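Trainee: Taking the hints into account, I'd like the entire structure generated from these sequences.
Those sequence lines, one after another, are chains A and B. According to this note's numbering, the stretch in the first sequence is residues 1 to 406, in order. According to this note's numbering, the stretch in the second sequence is residues 1 to 406, in order.
Everything labelled a hint here was simulated from the structure, so no lab data went into it. On a predicted model such as this, the values are computed, not experimentally measured, just so you know. Careful: at least some of the hints might be erroneous.
Which copy? The list can't say, so a pair holds if one copy fits it or any two copies do.
[Unchecked claim] Within a straight-line C-alpha distance of at most 35 Å, the following computed DSBU-like cross-link-like pairs (lysine-lysine) qualify: (1) K193 / K12; (2) K62 / K76; (3) K193 / K326; (4) K5 / K85; (5) K193 / K300; (6) K353 / K62; (7) K85 / K62.
Number of protein chains: 2
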Amino acid sequence: MDINKLLAGRTKLMRASEIRELLKWVTEDVISFGGGMPDPSSFPINEIIEVTRDVLTTKGDKALQYGATGGVPELKEELMRFMNKGGIGTLGDHDVIITVGSQEALDLLGRVLIDPGDYIITESPTYLAAIQAFRIYEPRIVGVPMDGEGIIIEELERRIREIREGGGRIKFIYVIPTGQNPTGITMSMERRKALLEVASEYDLLVIEDDPYGYIYFGNDSQPSRLKAMDSEGRVIYMSTFSKIAAPGLRLGWVYATKEIIRWLELAKQSVDLHTSTLNQYIAAELLRRGVIERNIPRIKEIYRTKRDLMLQALSEYMQDGVTWTKPSAGMFIWLSLPDHADTSKLLEIAIKKYRVAYVPGRSFYPNGERGNDMRLNFTYPKPQEIFEGVRRLSLAISEYLREIKP
Amino acid sequence: MDINKLLAGRTKLMRASEIRELLKWVTEDVISFGGGMPDPSSFPINEIIEVTRDVLTTKGDKALQYGATGGVPELKEELMRFMNKGGIGTLGDHDVIITVGSQEALDLLGRVLIDPGDYIITESPTYLAAIQAFRIYEPRIVGVPMDGEGIIIEELERRIREIREGGGRIKFIYVIPTGQNPTGITMSMERRKALLEVASEYDLLVIEDDPYGYIYFGNDSQPSRLKAMDSEGRVIYMSTFSKIAAPGLRLGWVYATKEIIRWLELAKQSVDLHTSTLNQYIAAELLRRGVIERNIPRIKEIYRTKRDLMLQALSEYMQDGVTWTKPSAGMFIWLSLPDHADTSKLLEIAIKKYRVAYVPGRSFYPNGERGNDMRLNFTYPKPQEIFEGVRRLSLAISEYLREIKP
Numbered sequence: 001m002d003i004n005k006l007l008a009g010r011t012k013l014m015r016a017s018e019i020r021e022l023l024k025w026v027t028e029d030v031i032s033f034g035g036g037m038p039d040p041s042s043f044p045i046n047e048i049i050e051v052t053r054d055v056l057t058t059k060g061d062k063a064l065q066y067g068a069t070g071g072v073p074e075l076k077e078e079l080m081r082f083m084n085k086g087g088i089g090t091l092g093d094h095d096v097i098i099t100v101g102s103q104e105a106l107d108l109l110g111r112v113l114i115d116p117g118d119y120i121i122t123e124s125p126t127y128l129a130a131i132q133a134f135r136i137y138e139p140r141i142v143g144v145p146m147d148g149e150g151i152i153i154e155e156l157e158r159r160i161r162e163i164r165e166g167g168g169r170i171k172f173i174y175v176i177p178t179g180q181n182p183t184g185i186t187m188s189m190e191r192r193k194a195l196l197e198v199a200s201e202y203d204l205l206v207i208e209d210d211p212y213g214y215i216y217f218g219n220d221s222q223p224s225r226l227k228a229m230d231s232e233g234r235v236i237y238m239s240t241f242s243k244i245a246a247p248g249l250r251l252g253w254v255y256a257t258k259e260i261i262r263w264l265e266l267a268k269q270s271v272d273l274h275t276s277t278l279n280q281y282i283a284a285e286l287l288r289r290g291v292i293e294r295n296i297p298r299i300k301e302i303y304r305t306k307r308d309l310m311l312q313a314l315s316e317y318m319q320d321g322v323t324w325t326k327p328s329a330g331m332f333i334w335l336s337l338p339d340h341a342d343t344s345k346l347l348e349i350a351i352k353k354y355r356v357a358y359v360p361g362r363s364f365y366p367n368g369e370r371g372n373d374m375r376l377n378f379t380y381p382k383p384q385e386i387f388e389g390v391r392r393l394s395l396a397i398s399e400y401l402r403e404i405k406p
Numbered sequence: 001m002d003i004n005k006l007l008a009g010r011t012k013l014m015r016a017s018e019i020r021e022l023l024k025w026v027t028e029d030v031i032s033f034g035g036g037m038p039d040p041s042s043f044p045i046n047e048i049i050e051v052t053r054d055v056l057t058t059k060g061d062k063a064l065q066y067g068a069t070g071g072v073p074e075l076k077e078e079l080m081r082f083m084n085k086g087g088i089g090t091l092g093d094h095d096v097i098i099t100v101g102s103q104e105a106l107d108l109l110g111r112v113l114i115d116p117g118d119y120i121i122t123e124s125p126t127y128l129a130a131i132q133a134f135r136i137y138e139p140r141i142v143g144v145p146m147d148g149e150g151i152i153i154e155e156l157e158r159r160i161r162e163i164r165e166g167g168g169r170i171k172f173i174y175v176i177p178t179g180q181n182p183t184g185i186t187m188s189m190e191r192r193k194a195l196l197e198v199a200s201e202y203d204l205l206v207i208e209d210d211p212y213g214y215i216y217f218g219n220d221s222q223p224s225r226l227k228a229m230d231s232e233g234r235v236i237y238m239s240t241f242s243k244i245a246a247p248g249l250r251l252g253w254v255y256a257t258k259e260i261i262r263w264l265e266l267a268k269q270s271v272d273l274h275t276s277t278l279n280q281y282i283a284a285e286l287l288r289r290g291v292i293e294r295n296i297p298r299i300k301e302i303y304r305t306k307r308d309l310m311l312q313a314l315s316e317y318m319q320d321g322v323t324w325t326k327p328s329a330g331m332f333i334w335l336s337l338p339d340h341a342d343t344s345k346l347l348e349i350a351i352k353k354y355r356v357a358y359v360p361g362r363s364f365y366p367n368g369e370r371g372n373d374m375r376l377n378f379t380y381p382k383p384q385e386i387f388e389g390v391r392r393l394s395l396a397i398s399e400y401l402r403e404i405k406p
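Mentor: Spelled out as structure tokens, the structure:
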């Protein structure tokens with residue numbers, strides 16, 4: 001039978017992620033900077049084996065049974081304690097919901113907040129999968145340019161005023177303040193304060209996506225989380241176990257006012273009833289025993305070393321006219337070619353001839369504004385691959401730039 | 001800040017499940033027939049401990065890492081083999097997607113197929129959480145009455161014709177043919193054939209939700225799955241590990257044409273990227289080692305024994321004018337009071353005075369048509385609780401019926 005005539009309108013808004021499509025091209029001999037995976041050597045695997053056995057032995061009945069939609073209470077409590085070290089997690093009118101990775105948190109927030117035609121504001125570029133999650137709910141996405149210190153506040157204000165003057169409803173500002181995906185930029189303390197002031201002035205919700213905040217590896221001191229400075233309950237904080245423990249557990253969480261959490265729970269109930277009970281008990285026990293905290297310095301060290309390697313390779317091999325960021329957190333370096341370049345076109349040469357892959361930048365821009373950037377992941381490839389991959393990438397760029405020379 | 005003014009329109013369609021709300025009332029001394037949980041003694045816990053250790057030891061790197069949106073290939077292959085024993089799983093143009101329980105499958109199907117105002121057809125009554133999952137996408141839900149053999153085909157046809165004559169678009173027919181939730185009714189073989197003929201005649205998709213098909217405990221032979229008789233690719237088959245292994249793993253799956261699976265994958269990508277890799281590897285290994293198959297006769301025995309106990313207690317204690325189903329599969333008995341009764345009102349007496357709980361029937365009807373039924377779960381309560389609970393329920397019913405006597 002013909003399924004196409006039965007598809008919903010929104011289904012036509014679903015697009016295969018360029019990252020995921022790209023993975024299909026990548027064979028064994030291609031060095032890939034394309035993914036966003038942590039180094040598997042950072043997983044505390046022996047401790048996970050031990051903890052999992054203990055959880056199943058001592059509370060298997062509960063760990064294998066249905067659970068509450070909001071999450072396993074033990075995990076929620078441990079998370080409050082854990083967030084506390086990041087300066088948050090202690091507000092009495094706040095609560096936590098456990099989600100299937102932070103991706104589900106993005107979907108639930110879109111589901112609960114966005115009506116077709118509503119405005120949402122993001123950094124530009126921003127996290128591709130956040131754009132995809134929100135887009136299904138048919139908002140107008142307005143991207144605000146960034147510089148080395150993060151979102152540019154004057155530009156943000158200008159856009160808010162424009163939208164308001166046009167009668168538009170703004171549902172939230174979505175930002176990744178620390179080690180932003182894809183740029184690797186960490187928003188400065190000054191900008192963070194200014195962002196909250198603007199949010200307060202215009203009475204706006206802020207979603208703070210913080211996957212990398214617990215593994216900040218910069219030498220300077222880490223700026224406060226927005227949530228730690230939020231005295232008005234307008235910041236919805238979200239993070240994930242994917243970078244501090246392991247992505248395969250598919251565990252994320254949201255910390256916000258009880259009212260917001262209650263709506264997210266109600267939404268989640270019809271999406272998947274609840275997140276895996278077993279995995280939640282494992283995570284609670286990893287936190288309780290201090291496994292995650294003890295492992296964090298090790299992860300930071302792995303990330304810092306690999307970032308340094310990639311920066312070194314870039315300064316060794318990259319030609320004039322190519323620039324890149326120097327991240328203090330996160331998993332990515334953002335590399336920019338001259339304005340007339342198109343990294344989507346370069347990709348074919350890079351993969352097919354030079355056997356190196358990355359993610360072209362355009363799809364990280366909510367409205368596809370720029371095409372001359374690329375995202376490079378430094379956490380997954382092996383050290384020798386980082387060096388060799390950057391060398392190959394430079395050769396591919398040279399060939400491509402020669403080809404398109406005006 | 002005021003969150004209410006920022007909520008999306010669809011958020012107002014989200015309602016707390018009566019089942020979940022009910023659980024909050026139920027204290028230690030209340031015997032609850034309200035949940036839908038399997039007997040924890042049916043979990044193959046020692047084998048799960050062993051398998052989990054082996055999975056983490058031999059492929060921890062993969063089991064803890066990100067995975068493909070469609071699912072872990074090993075699990076998909078094992079599932080094809082497993083479904084084979086149910087007469088399906090071998091079609092070359094078909095594929096499997098692994099979901100977060102079957103609840104996520106329901107949400108993804110709604111997301112991909114339903115536009116506001118579309119018609120969908122269900123049995124009436126039907127699974128409460130399916131209604132909730134679909135309702136978010138704003139369909140018109142048409143419920144078709146059932147008798148002891150399942151959905152009444154003449155009524156189904158009449159409604160299809162009515163909708164079509166009114167210019168309505170029907171997106172699918174959703175049925176739970178075996179051990180239906182909430183009624184416990186298993187659709188007869190004749191009705192199954194007739195249902196497929198109707199679907200073919202009117203060119204309609206059929207969603208076959210089959211959580212209980214692998215643990216059929218009737219004495220008569222089990223009718224074929226709809227999918228096993230589907231020569232036109234119009235049946236979307238879905239099932240879950242929640243009843244054959246453990247709900248805490250949150251694993252379900254859909255088996256359908258590759259085209260449908262591809263759309264579901266695209267939808268799932270923005271919902272949660274993928275289902276827990278760890279849990280998928282555990283399930284694959286439980287299947288590969290035959291743990292699940294060896295455990296199934298034991299689950300059937302537990303369910304059959306408890307069903308018999310509840311039926312015995314019902315015939316011992318229940319007054320005239322009360323009727324109930326005698327299920328060959330599933331987890332529920334459907335009990336009906338005289339037409340003028342309202343089991344939502346009875347519930348307060350039952351819980352507060354007689355310390356026994358159930359789920360009132362009205363919310364299982366897509367349009368709330370009837371209020372005099374209730375759903376009783378027999379798989380979770382202990383044997384002595386089943387007897388004592390039915391006794392209490394009968395007392396509560398007597399008191400309530402006396403009260404409302406005309």
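Trainee: If a hint holds in the structure, say so; if it does not, say that too.
Mentor: Comparing the hints with the structure gives:
1. K193 / K12: Answer is between: at 34 Å across copies they meet the 35 Å cutoff, but 39 Å inside does not.
2. K62 / K76: Both ways: K62 and K76 sit 16 Å apart in one copy and 27 Å across, limit 35 Å.
3. K193 / K326: This pair counts as within: shortest intra-copy Cα distance 23 Å, inter-copy 65 Å.
4. K5 / K85: Close across copies (33 Å), not inside one copy (53 Å); limit 35 Å.
5. K193 / K300: Cα proximity of K193 and K300: one copy only (26 Å, versus 61 Å across).
6. K353 / K62: between (53 Å within a copy, 29 Å between copies)
7. K85 / K62: For K85 and K62, the Cα distance is within 35 Å both inside one copy (29 Å) and across copies (30 Å).
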